[in-house]
Each structure stands twice: as C-alpha cells, then as structure tokens.
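Chains as they are written, first to last, in this note's numbering: chain X, 7 to 456; chain S, 7 to 456.
Derived from the structure by calculation, the hints contain no laboratory data.
All figures in this text were calculated on a predicted structure; none of them were measured in a lab.
There's no promise every hint is true.
Claimed, not checked - Below are the DSS-like pairs computed for lysine-lysine, each with C-alpha atoms no more than 30 Å apart in a straight line:
1. X:Lys15 / S:Lys321
2. X:Lys378 / S:Lys406
3. S:Lys15 / S:Lys321
4. S:Lys388 / X:Lys59
5. X:Lys245 / S:Lys15
6. S:Lys455 / S:Lys255
7. S:Lys233 / X:Lys455
8. X:Lys245 / S:Lys233
9. S:Lys388 / X:Lys233
10. X:Lys255 / X:Lys59
11. S:Lys245 / X:Lys245
12. S:Lys321 / X:Lys233
13. S:Lys321 / S:Lys245
14. S:Lys388 / S:Lys405
15. S:Lys233 / X:Lys59
16. S:Lys406 / X:Lys255
17. S:Lys255 / X:Lys255
18. X:Lys245 / S:Lys406
19. X:Lys388 / X:Lys59
20. S:Lys378 / S:Lys406
21. S:Lys388 / X:Lys245
22. S:Lys15 / X:Lys233
Claimed, not checked - Here are the simulated distance ranges between beta carbons:
23. X:Lys59 / S:Ala375: 55 to 63 Å
24. S:Gln188 / X:Arg357: 28 to 36 Å
25. S:Arg297 / X:Lys255: 52 to 60 Å
Yeah, the Cβ is synthetic: ideal placement off N, Cα and C, and Gly gets one too.
Protein chains: 2
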Amino acid sequence: MDSAPDHSKDATRQLARLIIASRFEDLPESVRHEAKRTLLNWVGCAIGGSGHKTVNNAIAALLPFCGPGQASLFGRREHVDILHASLLNGISSHVFDFDDTHAATAIHPAAPVAPAILALAEHQPISGRDFINALVVGIETECRIGKAVTPSHYEAGWHITGTVGVFGSAAAAGRLLGLSEQQMCWALALAAAQPVGLQEMFGSMTKSFHPGQAAQNGLTAALLASKGFTSSEQPLEAKRGWFDVMSTKPNYSALTEESWEILNNSYKPFACGLVVHPVIDGCLQLRNAHRLTPDAIDRVDADVNPRVMMLTGIKEPASGLEGKFSVYHAAAVALVEGAAGERQFSDEAVRAQATAELRRRIFPSVDSAIGKVQARVTITLKNAKRLVAFVEHAVGSVKKPMSDAAIEQKVFGLADGILPSDQIRHVVDLCGRADQLDDAGEIARRSAKA
Amino acid sequence: MDSAPDHSKDATRQLARLIIASRFEDLPESVRHEAKRTLLNWVGCAIGGSGHKTVNNAIAALLPFCGPGQASLFGRREHVDILHASLLNGISSHVFDFDDTHAATAIHPAAPVAPAILALAEHQPISGRDFINALVVGIETECRIGKAVTPSHYEAGWHITGTVGVFGSAAAAGRLLGLSEQQMCWALALAAAQPVGLQEMFGSMTKSFHPGQAAQNGLTAALLASKGFTSSEQPLEAKRGWFDVMSTKPNYSALTEESWEILNNSYKPFACGLVVHPVIDGCLQLRNAHRLTPDAIDRVDADVNPRVMMLTGIKEPASGLEGKFSVYHAAAVALVEGAAGERQFSDEAVRAQATAELRRRIFPSVDSAIGKVQARVTITLKNAKRLVAFVEHAVGSVKKPMSDAAIEQKVFGLADGILPSDQIRHVVDLCGRADQLDDAGEIARRSAKA
C-alpha cells in the first residue's frame with residue numbers, strides 16, 4: 007500500500023482508502039513472492055493440523071449447524087459454509103503453532119486472513135491476482151494496526167492474532183467483495199466490535215480458536231458491510247474507539263507509513279518454540295556438512311541462552327508434546343533424523359531408540375553471552391575430532407529466512423500421510439503460481455481430501 | 007442461585023458450580039414470574055423489530071451461509087440454523103432499543119440469552135421448567151459479572167450487553183446442554199475470549215448486532231465445551247484474565263452473593279435508551295396534566311444527569327435511529343405526539359415539522375446533582391408561565407414498573423401488523439405459562455410467520 011499523511015482524526019477512512027485502492031499491479035515483485043511463501047506455509051500448516059483433536063472437537067460441536075458445503079476443509083473430507091470454513095481452517099492452521107510470525111507485533115498474519123479469503127474464493131470467482139492482492143492488503147492492515155498498538159495492547163493480555171487479525175480478515179474479504187470506502191469503514195468497525203482472544207487461553211484448544219474465529223468475524227464484518235449494514239465510520243480513532251479501549255498511546259503513523267510489513271513475515275522451520283531453533287539449526291548445519299550419523303557422535307555440547315534451559319529443560323520427554331520442551335530431544339532428533347518437523351515431535355519420535363540414546367549425550371550449558379537468537383554447538387566425534395557451529399541467527403528468522411525449497415519441504419512433511427504425495431505436489435505448485443491462477447479457489451479445493 | 011463464599015482465586019469455578027446446580031424447583035415464585043415478564047417483553051421486541059432494515063440487511067448478508075432450518079426467526083418466514091437464529095433474533099430484539107434493562111449494570115439481559123436458548127429449544131426437547139431456569143441462570147450470570155465490573159468496564163467504552171452478555175448466553179445454553187463443572191468453566195472461558203461491542207457503534211446498526219453476536223458466541227462456546235473443546239479454567243480471575251483485561255478493581259463478591267438480579271430487571275415503556283426516560287416521563291406528565299400543545303410552548307429546560315448528554319447529545323437527528331440518541335428529539339416528540347413508542351422514533355417522526363421545530367427549543371443542562379434515573383423538566387409557556395416536573399423514578403423503572411397488562415399491551419403494539427392478532431394472543435399466552443410447557447420450543451415456532 008502507498009503511504010499517506012497521518013491524520014489521527016481520519017485514521018479509519020485513510021486506512022479504508024488504502025485498502026480499497028490496493029491493486030495487484032502495484033505490488034512489488036518481492037511482495038508478491040513473499041505472499042506466495044506465506045500462502046504456501048499456511049496451507050501446509052492447515053493441512054498438517056487437520057487431524058488434530060482440537061479440530062475434531064470443533065467439528066463435532068459445530069457441524070450440525072453448518073451451512074451448505076461451499077468451502078473445503080483443508081486436509082479433510084467435510085465441506086461447510088464459508089463462515090465455518092474460515093473458523094475451522096483457521097483453527098487447523100494454528101494448532102501446531104507452526105504458522106508464520108510477524109515478529110514486531112507477535113501476530114501470526116496468515117491464520118486470520120487466508121482461510122477467510124480462500125473460502126470466499128471457492129464461493130465466487132476470484133482471480134489469483136486479486137487473491138494475492140487481498141492476502142497482502144489483509145496482512146498489511148492487521149500488521150499496521152498491530153504496530154500502532156504495540157506494545158501496550160499485547161501487554162494488556164490480548165492475544166493479538168485474534169484481536170487484531172479480525173481487521174486483516176475484514177480488509178481482505180472486503181477488498182474482494184468490492185466494498186466502497188464507506189462500507190470498508192463499516193467493515194473495519196464491525197471488526198473492531200468483535201475482538202477475539204486472551205493470552206490466558208494459551209495452552210488450551212482455545213488458543214487456535216482465536217485466529218479461526220477472527221477469520222470468521224472479519225468475513226462476517228465484510229459481508230454485512232457489503233449489504234449496507236452500518237457501523238461507526240471512526241472505529242479506530244473515535245474518543246471511545248478501538249484504539250482508546252484496547253491500547254494506550256497508539257502510534258497512528260504506523261497505519262499509513264510506507265512499508266510492506268509482509269516482507270517482515272517469517273516461517274518456522276522447526277515444529278517447536280523459537281527459543282530452541284538456534285540449537286537445532288547448529289546441529290543440522292554440522293550434520294549436513296559432515297554427513298554425520300548418530301553412531302559417529304560421542305557427545306554434543308551446546309552453549310545456549312539462559313531462556314533455553316528455562317523453557318526447554320526436560321531431559322527425558324515422555325511424549326511428543328514434552329519433546330517440544332526438551333532441548334535434549336530437539337538436538338538429538340535433528341541429528342538422527344535430519345529434521346525437526348511435526349513428525350520429529352511425535353510420541354513415536356520421542357521413543358525411537360537411536361534418538362533416545364543420543365539424547366543422553368546432549369550437554370547444554372547456559373552462557374549469558376549467547377543471545378536469544380544464537381547458539382554454539384560443538385560435536386565431539388568418537389574419533390575425537392571436534393566440529394563447531396556458531397549460529398548468529400537461526401534459520402527461519404527474517405535475517406536468515408527459510409528458502410523456498412525449505413518451505414516446500416516443510417509443507418511436504420506436514421501434509422505427508424494426510425494427502426497423497428501427488429496431490430501435495432499439486433497444491434504446492436498451485437501456491438507457487440497463485441497469482442497466475444484464473445480461479446484462486448482451486449487452491450482450497452485441491453487441499454481437501456478427495 | 008444460592009450464595010457461596012467469595013474466593014477470588016476460584017471465581018470461575020464457583021460461578022460454574024452455581025450455574026450447573028441451578029434448578030427450576032429452587033426458583034422463588036417472584037423470580038419465575040419476572041422471568042416470564044422478561045420473556046414476554048423480549049418476544050414482543052423480537053417480533054416488533056423483525057422487519058427493520060437492520061434485520062433485512064443482516065439476513066441479506068448471511069442467509070446464503072446459514073445452516074439447516076432448525077430454528078425460527080421471530081416475526082419472519084425464514085428458518086435457519088440455531089447459531090444464526092441466535093444472532094438474527096438477537097439483532098431483531100434490540101433494534102428498537104426497547105428490550106429489558108438491568109439498570110445497575112446497563113445490561114439488556116434478555117437479548118443475548120433468550121434467542122440462544124429459544125433456538126436450542128427448537129432443536130432439542132427442552133421443558134418449560136428447564137427453559138425458565140436457563141433463562142434465569144443466564145441473566146443472573148451476566149448481571150453478576152456485570153456488577154463485578156461496574157462501573158469501570160462500561161466507562162472504558164465497552165457495550166456491556168455484548169461484552170458481558172456472552173457469558174449469559176454461554177451459561178444458559180451450557181446449563182441446557184448439561185455441561186459438567188469443568189466444561190462450564192471452559193464455556194465461560196470461550197465466552198471471555200469473545201467479547202462483542204464498543205459504545206462507539208451506538209447510533210448504527212452495529213449496536214443491535216452486539217447482543218445478537220453475543221448470543222451466538224455464547225451458544226458456540228457452550229456447544230464447543232460440550233464436545234471437550236478445552237479452555238482456561240480461570241478465565242475471569244487469572245492474572246491476565248477477563249477481569250484484569252476488561253476492568254479495574256473487580257468486585258468478586260458480586261459473583262456469588264445471594265440475590266436475584268432478575269428482580270431488578272425493567273421494561274421500557276419508551277422505545278429509546280433508558281437514560282432519557284426520565285425526561286420523557288417528565289414531558290408526558292406535564293403534557294397530560296396541562297393538555298399542552300407544542301405552539302403553546304416557548305422553551306423546555308431539562309436538568310439532566312451528565313450521562314444524558316454523553317449518550318443522547320445529537321441535536322439534529324437525521325434518522326429515526328439517531329433520534330433515539332437525541333434528548334432533544336425525545337423530549338420534543340413526547341410533547342408533540344404524547345407518546346414515545348417505536349413509531350415516534352421513525353424517520354418520518356424525526357422529520358415531522360412540529361417536532362423538528364420544538365426540538366430547537368429544548369435546552370438540556372447537565373446537573374451532576376441529578377441522579378441517573380431522575381430529571382427535572384421545566385416548560386416555559388409563551389404566556390411566560392412555568393411548569394415544572396421533577397421525576398424521581400421514570401415509569402418502567404424497577405421502582406415504578408410496568409404492569410403485566412402494560413407489557414402485554416406493549417407486545418400487542420409491537421407485533422401488530424406483523425403477525426395476525428390471534429397468533430399474537432397465542433404467543434402472549436405461551437409466554438405467560440412458559441414454565442408449564444412440555445416443549446419450550448413452541449414459543450419460538452409460534453412466533454414465526456405461518
């Protein structure tokens with residue numbers, strides 16, 4: 007989106023103007039490319055999470071009330087109305103906490119936006135170009151509003167992906183519905199009236215409910231506005247508007263300054279908390295450079311930031327979930343299997359003999375000189391040779407992004423066992439040329455079980 | 007609900023216990039009677055609002071995505087899934103701002119609760135006794151939580167009927183679904199994660215969207231919890247829980263003290279916000295006592311509580327809806343037409359010449375010595391005579407309640423022209439003996455157009 011002068015008295019209208027003026031033609035190539043990476047990563051997460059108990063329970067509760075089968079559920083057979091598809095695919099995509107992250111705001115940008123516009127694209131004809139533009143404008147909208155209220159909003163206890171994500175969904179869906187400037191103001195207001203999510207719900211199924219419900223609420227907001235359902239035209243900036251109620255000292259200039267927040271989006275290569283990613287990265291670097299096998303390894307020493315031992319200090323994980331909180335398991339499984347995807351944090355992976363044996367030869371040491379995004383991994387081989395890797399920025403961060411090929415690999419790993427491999431290949435291909443598709447709905451249709 | 011000791015560390019669980027232990031057998035007769043008055047008044051509002059543009063626009067936007075015709079829309083022909091019925095009937099019932107009010111919290115208790123459980127009662131067998139108990143427990147839940155966060159929550163800018171109403175819907179629906187104590191905690195947590203409504207949206211269609219969406223969100227919360235969808239078990243009292251995020255200095259004892267908040271529910275004789283009722287009452291008293299005609303009036307001075315000007319300060323309303331937020335219009339139309347029903351807040355009534363002229367001679371003055379339920383109306387006649395009415399409690403308040411017959415009259419007035427009069431009579435009768443019905447769903451079925 008282009009920049010515009012800051013007028014805090016007219017903030018919503020200015021934002022609405024940027025949204026409705028957005029066009030694929032005006033997107034830099036780097037932005038288009040990043041949008042397709044974001045899309046592909048999200049699609050993999052949505053398929054990968056589709057069999058999770060969280061999704062099963064939500065479907066068991068809501069399926070009897072769903073509307074016509076207008077939209078696909080990623081990785082599943084059911085088809086439901088576009089509102090419930092937004093909710094359920096949004097849940098599915100966040101359930102592993104493996105989706106994209108906008109580090110400056112802590113928003114997971116795709117989860118509230120992508121499911122709403124993918125569902126819409128199954129219901130009405132939407133070209134790939136319009137779809138990619140809507141995805142970008144949705145992400146820009148939520149990340150800009152998120153930046154405007156950072157840090158006070160998150161610090162107050164809100165789960166920003168749900169509370170701010172709803173604006174992204176409303177903006178993206180509203181753009182595709184062709185809302186007028188006034189209707190877009192109303193859509194943003196209807197979004198403002200429906201924040202979803204408190205951090206208190208972290209650790210329960212409700213965490214992934216937040217972005218799903220935000221997707222549904224934003225789509226509802228856009229649909230209502232498109233039929234003349236009126237709302238405030240100053241929902242953000244009014245005296246008792248969203249900024250005032252939900253934040254302190256909002257930074258209005260974040261709304262309209264010239265930047266592409268999607269270029270600051272990042273994707274996780276490993277299916278666990280970011281804190282342990284540098285160690286995994288170091289292990290994989292050494293494994294790949296020296297073609298290491300576990301039986302060649304005598305011991306692994308890792309110098310780590312203190313947070314690593316605070317958050318991932320479990321020595322003998324009893325389950326896949328505990329494995330995500332074990333630097334011992336993370337390092338061992340990365341060296342044994344050459345990966346640290348969702349499969350490497352399954353109950354089976356935690357119990358696998360080779361990994362369990364190597365786990366006892368992992369020796370982390372806290373070093374406060376090691377930064378939060380750093381680690382030093384030293385592997386001593388049985389032949390006494392020592393290999394050292396110092397990780398300055400873990401792979402997957404904005405400074406050292408995952409390659410396109412690595413994201414594809416991640417998606418294959420997530421979808422494996424859920425969809426046939428030729429179908430996964432086809433979905434990956436559709437995402438890679440999403441902006442050239444005549445019918446963006448094809449991405450969603452092909453992501454369901456046949 | 008019975009009282010229980012206050013433990014702020016266990017607030018949600020205690021509330022959940024009270025909810026799941028509630029039984030019709032334990033309700034005092036006065037509570038049962040008030041519940042039926044609340045129900046009847048709500049049904050009248052839902053039928054009366056059913057043809058409003060707000061409802062039409064919402065249906066136009068959402069009907070293509072609705073599920074099977076499980077539940078009726080009051081006063082209309084369409085049948086939709088129970089979630090959308092909750093939303094749409096909730097909107098319909100609040101669109102005239104003519105529904106019930108719990109003055110201590112400013113919550114409209116029935117709008118978020120009644121549509122959810124009436125829809126549920128069409129979908130599964132629910133006796134009249136269980137239905138009335140659920141209505142009461144829903145209202146107790148929302149009003150108690152509302153009391154606990156009054157005044158800070160409302161003062162922050164939230165529309166409490168939507169933000170707190172969602173708890174009422176979750177509690178009532180959850181009670182009917184037979185949730186366990188843990189599930190009820192989850193349902194309350196899923197409700198806490200989905201507040202709806204900012205006061206900034208007052209004066210637009212979104213105001214009535216708030217209780218409707220709260221009804222839908224609460225029902226969704228209860229349905230999810232019933233299928234094992236987990237959430238926080240301390241959503242209210244946790245460090246970053248709902249009380250902390252949404253209020254300051256919550257009063258925990260309000261949650262469990264022995265009281266029946268439904269006995270403090272009140273029904274409006276006038277079709278606008280309660281805040282302006284004392285002024286209307288004063289105007290009508292003087293008009294009736296002195297047989298005033300508008301051309302005899304030089305000016306009208308009204309000493310009012312500060313909230314009157316905060317909430318109803320629109321000087322020149324451009325529509326009937328804006329007229330509801332104009333103390334100028336409310337006073338003028340009451341003096342011109344001798345009434346302040348829905349008809350007096352139509353677009354035509356706002357444009358009528360005599361009212362528009364008198365509106366410019368209405369002079370409200372804020373006086374902080376005037377209580378929220380009070381007003382002093384001073385009419386200066388063209389012959390210089392001054393007439394004064396001091397209203398201590400407006401008609402329709404708990405201190406000066408509408409009679410059962412007056413509520414029935416109001417319902418007939420609201421439903422007239424929408425349903426045939428024998429059908430209205432039948433619906434009024436069903437509400438009057440709601441607790442004796444074998445099938446509470448009958449109330450909803452009979453309230454739809456044949």
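Going through the hints against the structure:
1. With a CA separation close to 22 Å, the supplied pair X:Lys15 and S:Lys321 stays within the 30 Å bound.
2. For the given pair, X:Lys378 sits about 65 Å from S:Lys406 by alpha-carbon distance, which is inconsistent with the 30 Å threshold.
3. With a CA separation close to 48 Å, the supplied pair S:Lys15 and S:Lys321 exceeds the 30 Å bound.
4. Proximity of S:Lys388 to X:Lys59 is assessed by CA-CA distance (about 75 Å); at most 30 Å being required, the pair is judged violated.
5. Using a Cα cut-off of 30 Å, the hinted pair X:Lys245 and S:Lys15 is violated, with the two alpha carbons roughly 34 Å apart.
6. For a cut-off of 30 Å, the pair hint linking S:Lys455 to S:Lys255 is broken: about 47 Å separates their Cα positions.
7. With a C-alpha separation of about 24 Å, the suggested pair S:Lys233 and X:Lys455 falls inside the 30 Å cut-off, and the hint holds.
8. Restraint check for X:Lys245 and S:Lys233: the C-alpha separation of about 41 Å exceeds 30 Å, so the hint is violated.
9. Note on S:Lys388 and X:Lys233: the hinted pairing is violated, with a Cα-Cα distance of about 48 Å set against a maximum of 30 Å.
10. Our distance criterion of 30 Å between C-alpha atoms is broken by X:Lys255 and X:Lys59, whose separation comes to about 40 Å.
11. With a CA separation close to 28 Å, the supplied pair S:Lys245 and X:Lys245 stays within the 30 Å bound.
12. Annotation: proposed proximity of S:Lys321 to X:Lys233 holds, straight-line Cα distance about 29 Å (limit 30 Å).
13. About 44 Å separates the Cα atoms of S:Lys321 and S:Lys245, which puts this hinted pair outside 30 Å; it is violated.
14. Between S:Lys388 and S:Lys405 the CA atoms are separated by roughly 35 Å; this puts the pair beyond 30 Å, and the hint is violated.
15. A C-alpha spacing of about 11 Å is found between S:Lys233 and X:Lys59, which places the hinted pair at or below 30 Å, so the restraint holds.
16. Proximity of S:Lys406 to X:Lys255 is assessed by CA-CA distance (about 45 Å); at most 30 Å being required, the pair is judged violated.
17. With a C-alpha separation of about 22 Å, the suggested pairing of S:Lys255 with X:Lys255 holds against the 30 Å cut-off.
18. Between X:Lys245 and S:Lys406 the CA atoms are separated by roughly 35 Å; this puts the pair beyond 30 Å, and the hint is violated.
19. Of the supplied pair hints, the one linking X:Lys388 and X:Lys59 is violated, its CA atoms being roughly 43 Å apart against a limit of 30 Å.
20. Restraint check for S:Lys378 and S:Lys406: satisfied, since their Cα atoms lie roughly 15 Å apart, inside the 30 Å limit.
21. With a C-alpha separation of about 40 Å, the suggested pairing of S:Lys388 with X:Lys245 is violated against the 30 Å cut-off.
22. Between the alpha carbons of S:Lys15 and X:Lys233 the distance comes to roughly 46 Å, so the proposed pair goes past 30 Å and is violated.
23. Distance hint for X:Lys59 and S:Ala375: a CB-CB separation of about 60 Å, consistent with the stated range 55 to 63 Å.
24. The given range of 28 to 36 Å is respected by S:Gln188 and X:Arg357, whose C-beta atoms sit roughly 30 Å from each other.
25. In this structure the supplied range 52 to 60 Å holds for S:Arg297 paired with X:Lys255, their Cβ-Cβ distance being about 57 Å.
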